[in-house]
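Q: Heads up: the protein sequence lines correspond to chains V, Y and B, in order. Going by my numbering, the residue at position 26 of the first sequence is 770; the numbering climbs one at a time, nothing skipped. Going by my numbering, the residue at position 401 of the second sequence is 456; the numbering climbs one at a time, nothing skipped. Going by my numbering, the residue at position 80 of the third sequence is 497; the numbering climbs one at a time, nothing skipped.
Keep in mind that the hints were calculated from the coordinates and are not lab data. All figures in this text were calculated on a predicted structure; none of them were measured in a lab. For every residue, glycine included, the Cβ atom is placed at its ideal position computed from N, Cα and C. Everything hinted at is true.
Here are the simulated distance ranges between beta carbons:
1. 240(Y) / 480(B): 52 to 58 Å
2. 1052(V) / 557(B): 23 to 29 Å
3. 868(V) / 348(Y): 50 to 56 Å
4. 417(Y) / 469(B): 43 to 49 Å
5. 272(Y) / 865(V): 37 to 43 Å
6. 137(Y) / 822(V): 33 to 39 Å
7. 789(V) / 173(Y): 35 to 41 Å
8. 191(Y) / 951(V): 56 to 62 Å
9. 243(Y) / 1052(V): 25 to 31 Å
10. 538(Y) / 843(V): 47 to 53 Å
11. 441(B) / 467(Y): 57 to 63 Å
12. 547(B) / 822(V): 42 to 48 Å
13. 796(V) / 348(Y): 22 to 28 Å
Simulated coverage check for chain Y against chain V, where a stretch passes if three residues somewhere in it have a Cβ under 8 Å from a Cβ of chain V:
14. 88-98
15. 180-192
16. 256-263
17. 474-483
18. 512-519
Pulled from the structure, derived: some chain B residues nowhere near chain Y, Cβ distances all over 12 Å:
19. 440
20. 544
21. 554
22. 605
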Amino acid sequence: MSLVADPGLVADSEEPGARSRGRGYGSYVVAKVLGSVGSLLFMLLVNFFLFRVLPGNAAQTLGRGRLNTPAQVAAFNKAYGLNHSVLDQFWIFLKSTAHGDLGLSVKYRLPVSQLIVDRLWPTLLLVGVSTILSTLIGVYLGIRGAWNRGSVFDKVSTGTSLTLYAMPEWWLGLMLIAGLGVGFAFVPGLFPTGGLHSPDIVDTNSVHGILDTIWHLTLPVITLTLAYLAEYSLIMRSSLLDELGEDYLQTARAKGLRDVVVRNRHAVRNALLPTTTVIALNIGFVVSGAITIETVFSIPGLGQLSTEAISTPDFAVLQGTFLVASAGVIGANLIANLIYGWLDPRVRT
Amino acid sequence: MALGLLLAVALPGLATGAPAQSKSPVVFHVAMLGEGVDSLNPFLGFQAPSYEMWGLTYDYLTGYSMKDMSPEPDLATKWTTSPDGLTWTFTVRSGVKFSDGVPLTAHDVAFTFDRVLAKDSVEGTNWLSYLNGVKSVTAPDDTTVVLKLSKPVATLPLLPIPIVPEHIWKNISESQMKSYPAAPTGGKPVVGSGPFLLVQGSADGSTFKFEANKTYWGGAPHIDQVIFQFYKNEDSAVQALIKGDADFVEGINALSVKRLQSQPGVTAHNGNSPGFDEIAFNTGSTSDSKGTKKIGNPNPAVLDPKFRHALGYALNLPQLITKVYQGAGLPGTTIVPPNYTQYHWEPPASEKFTFDLTKAGQLLDAAGYKVGSDGWRTLPDGKPIGTLRLDARSDSPTSLNTMDYFRQWLKDLHIKSQVSTYSSSQLTNVIYKGDFDTFQWGWYVEPDPDSMLSYMTCAQRQHSSDSFYCNPAYDRLYNAQHVETDHAKRVQDIKQMQQILYQDSPYLVTAYSAIGEAVRSDRFHCLVTQPNPGGIWLEQYGVYNYIHMKPASDTSACDAAPGLTGAVKTTSSGSSSSKTGPFLIGVGAVVVLALVGGGIVMMRRRTTVQDRE
Amino acid sequence: MTDLAAPRLSARHLARQRRLASYRRTWRAFRRHRSGVAGLAILLVFVLVALAAPLLASSDGLDVTLANGPVLGAPSSHYWLGTDDNGRSVLTLLIWGSRISLLVGLSATVISMVIGTLMGLVSGYFGGWIGRITFRVTEWMLVIPFLPLAIGLATVLGPGLFNIIIVIGVTSWPSTALLIRSQTLSIKERAYVERAEAIGGGRWHQMGRHVLPNVMPMVFANTTLTVAGAILTETTLSFLGLGDPTRTSWGSMLDSAYQVGAITTGSWWFVIPPGICVVLVVLAFTLIGQALEEVLNPRLRARR
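When you get a sec, could you build the whole thing from the sequences and use the hints?
A: Encoded structure:
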C-alpha cells in the first residue's frame, strides 16, 4: 500500500466510532454524497485563499513595460476586478461560482470555463487512453505474474515494473522522443516530437485529422502507459497473491476445479477490487496527473494551463482548474466508495 | 500488441508531415517558442507573439522602416505638423478595404483612437502611452485624420495602434470589450485590412492559421498561408524544423543555432534584438513616485553613484558574451541599443567601461570604500559593507550565470556578495518592496526610446522603474525631449540622458542580447533582417517578410528592397534524417536499465510479496 | 543471553536486550531478501559517493566562472562523461548532485514522517472531533492534486534548497498518516493498551509508550519508500525549474540539459547519466523498503 495511492482510504474513510452494523445501502449513499459535497465546498474556500499568497500581481507581471502610467494600471485593475479588496473579491467569487461562472482569465481575457473546456479534451484523451491501455496490460501482467509466481516471466515483468516505477515519467518521455521522435543512426524519427496536430490539418475531426492526432499522441500515450502500468501490475500481482493464499481457493482446487476456472472465477475477481480502487482514484487525478508529460510533448492540456497560471498569478484560472481537479478526485473517490460499498457490505460500517 | 495496433493506425498519418506539394498552397510553417498568444483582441494582449498576430491581421497608420525602424508611411501616405506642434494631420490611403469588402477610411482610424482615449477604458491599457497628450481625434473626411494635442509630442508620427473596423467594433460595448476574443468564429475569419486573414486560432491555443489577403493594398503576399505552431520546448521546435514539419523556428538558443548552421537546407543566425540585459541597482527605494518615504533595505554602498560607477570597470563583458551568451550578443553600454543607430549614444573611449579591476579599485578607494583590516572593503564611514545581495531569476540560466561571474569579480575587488535566486514574479515583489541591492533582468526597447527612457524618471518609481532612479537633471531632459519638435535637438537630449545614466549607473548594461532564428532556406528565400544588416527575420516591427518572402519554387528575383542587403538565399535541401547516432546508446541504456531491474529480481531466491492493503 | 534470566537486571536493561535481539533477527530476515540486499548495496555506493564528493571531484568544478571545458563536449579522456553547456564536467556535477538529491530526499522524508506519524497517531488514537478533524485534513490533502500544489507552494516559498525540502515534506505526508492511522486503530484495541488505560495511564503516555513503539516498524519501512518518492519529486520539481538553481542536483542537471536542447545537439552524456542515477537510487530505496515491509510486518511474515 505504501507505493501508491491508497485503497485503504476508501475502506477507512468512515469514522471509527460510528458502528451501526447492517446500515442500508441507501443511507450509506446519502452519507457518502453529503460528505463529498462537503469536501467540494471546503475545496472551494481553500482554492480561493490558497492562491492569494502567490507572489506578484497581474498588472506587474503581464503589463511590464506596457502599463506605464498609473491611469493604465488603474484601468486594467478595474476591468478585471483586481481593484477590490480580497474580501470583496471573495464575495464576488462566491456569487459568480454559485451562478456557474468561473470568472475571466486575466491573462487570456477569456472565460475560464471556455479555457478549461478547450484544454480538457487533450488531457482526457491522453490520460484516458493511457489509463485503459495500462489497466489492461498491467492487470494481465499482474495476473500472469502472480499465478506463475517465481517463473522467468514473473521475474522479468516484476523487475521491469519496478524499474519503470523508479523512473521519472518525463525522463522516459525524453528518451522516447530521442529514440523514436528524433531518430537515431539509420532509423528516421517515426513520430512527431510534440504537439497534438500537424499544423496544416484543416479539420481535426476528419478521418485524416483523427489519424494525425493518434500519430501525435502515440509517444505520450506510450510514456504514460508505461508509467501507470508499473503501478497497476505490481498492485494486481500482490493482491492476487493475497487471494491465492486464502482458504476458499484451496477448497475450490480440492473440489477438482481446473486451475483456469479457479483463477478466473474466484481469485481474479476478488483481487480486482483493490486494483479497481487504485485505478478509480488515479482517474481522479487525470486533470493534474500529466503536467510533466504535457510539458515534454508540448500538449496544450489542463496541467499546463494551471501551472502557467501560477506565475502570473491568474487567480480565476487557478481556482477553476483546481476546482475541476478536486471535483475529479472527489467524484472518483465517491464512485469508488459507492461501488465498494455495493460489492462489500462490510465496508458500510 | 496494442502498441503495434496504434502504430499501424498511425502510419498513414506520417504522410501529413510531408512538405506541401507544388500544386497545393504554399504554406509557411512557423514554430514559435515561449509564452504564446495571450489575446487576439489588439486592445487586450501584452505578449510579443500577439503583436505578430495583430500585425498580420490589421494595418497601422504608420509603419517602421526595415533599415532602422524609423517611422514610415503605412495607411497614412503623408502627414504634416502645425508650426506649434499641436496639430497633426494624417492623410489616409484611399482604396483600402477590409476583408469583408467595407472600405477602410479615416473614420475607422478616429474610432480606434477614440476608444483608446476613452477615460479608464480597457482599450487604453495597451496603447494609451502612444496617444499621451492627444486631446482629440477627428476625421473631417474619409482621407484625413486630425490629432489635436495639449502639448507637442515628440514620438509622433509613430502610432503603432492596429486600426480596427468601426462597423464591427462599434457594437462591442466597454463591458464586453474586456473579454472580447476577436477570434475567428464559425469558420469566418477575423475582419481586418492586413496582408493576411486569421482563419483559425484562439488566444490560449497553440495553432494559428492565416490565409493571404490576395487583394492587399500593398500587393498580394507570395505565400498562400502562414501557420504558427507554439511549442513548449526548444527541442521539439528544432526537431520540427529538421524534420520538415516547420519552415522557421524563432527564439532558439545559440547552441541550437550553431547546430543548425551545419544542417543542410537550413539557414540559421543570431539576430541582434532591440533589447538589453542589465545588472540593476537599488538607487533608493521609496514607497511612492514622489519619493517621500524610504522603504526596503538597500545596502548604503549601492545608493552611491560613485560606487555603482566604479563597478562598471569590474565587469568583463566580452567574457560574459562568450561564456554566458555563447557568443550570441554584444557587450552592452547604454539603455538604448545600437540597433537604434540614430538614438544610441556610444561612450567615448575615455568614458567607456573596460574590464580593469585596478581602475575599479582606485575609483572605490577615491570614493572612500577602502580595504579594511579584514581584507574586505568598508563604507566611507569605516563600517563594513557587508554582503551585497545579487538577485538572479531562477527561470533564466543567463541571469544566474551573469551573477555568478559578477560575484567572482566583486570578490576580486574585496567586496563580499552572495547570489540568491527568485522566480520572476517573486523578484518583482522583492523589487517593489525595495528589499534588494542588485538584480539581473532585461528590457525590450521600442523603436522610439521614449518609453524606455521614461522608466528611469522619478515619476516611474513604484510603476515601471525597477531601480528607483531619480535625477532631476535627467527628468528635465526627459520632459524636454518628450515635447521637442526639432528632431536633431531631441536626439541630442536623448544622448545626453544616456550619458547621465552611464555616469550614475543605476543600470550596468551587460549585453545586447540576440535572438536565434533558423529558416528552411531550401523551401523559402528572400527574408530580410530588420534592422538591416544584423537584425532579425521574424517578430519584426512590421510584417515585411511575410509579404515579400518567396517559396523556393519561385526562382524569380526577390522584391526590390532599396538599401536592404543580405536576403536569405535558397540552399540545396539536405536529407531530413538526422544524425544523432549517440542516441542509439540512449535507447540501449533504457533497455539495459530495464534488464538490470529484471536481473535484480531474477536473483531473488523466492518471490517476495509486495503487499498492499 | 544467559543473563537474561538474572533477576538483578533492571526492566529497562531487559527491554534494551530484547530490542537488540529483535534488531538482529530483523537483519537476519532482511539478509534473506536478495533484492533488498542489492538495493542496500546500490544505496551504499551512492551514499559513499555523496560523502566522498570532495575527495572525488573538487567543488571548483561546479563554479561556472572557473569552467573551461568545451561547450557540450563529448566524453573524452579528460572529461569521462563529457561537459555541460557551461563547460563543466558532467561527472563532477553528477557526483555533487548525488549529495543534493539524497539530502533533499532524506530531509523531506523526515518532515513527511514526523507530520504523517503525528497526524496518523492523533487521528487513529483519539476519537471525537480531534480524530475527525485530523482525518478530514488528511483526506483533503489526498484530494488536492499533488503536483500543482507542490508547484504552487514552491512558487510561494521561492527557489532554495531548504524550501524545496519543505515543499516535498509538507505535501507528501498523507499516505503515511493513513498507514499509521490504520495501524494505530488495530493496536489500540489490543489488551495491554486497554490495561494501561485501566490503570490510569494518560493518553499521551499511552501513545508514547505503547502505541508509538508498535507502529514504528511500519513507519520505518514506509520511510524508505517515502524517500524514493521524495527523490522523484525533487527531480520533477527541479526539472520544472522550481529547484534551487544555485545547487546542482540530478533534476536540475536534467532541466538544464533540456533547456539547452541536449537532445537536438545529441548530447546524450548530459541526459542519460543523471536519469540513470535517479532510477538506480529510487529503485534501491524501493527494494529496501519492500524487503523491510515484508520483514517487519508480522501479518506478511506469518502468511509466508
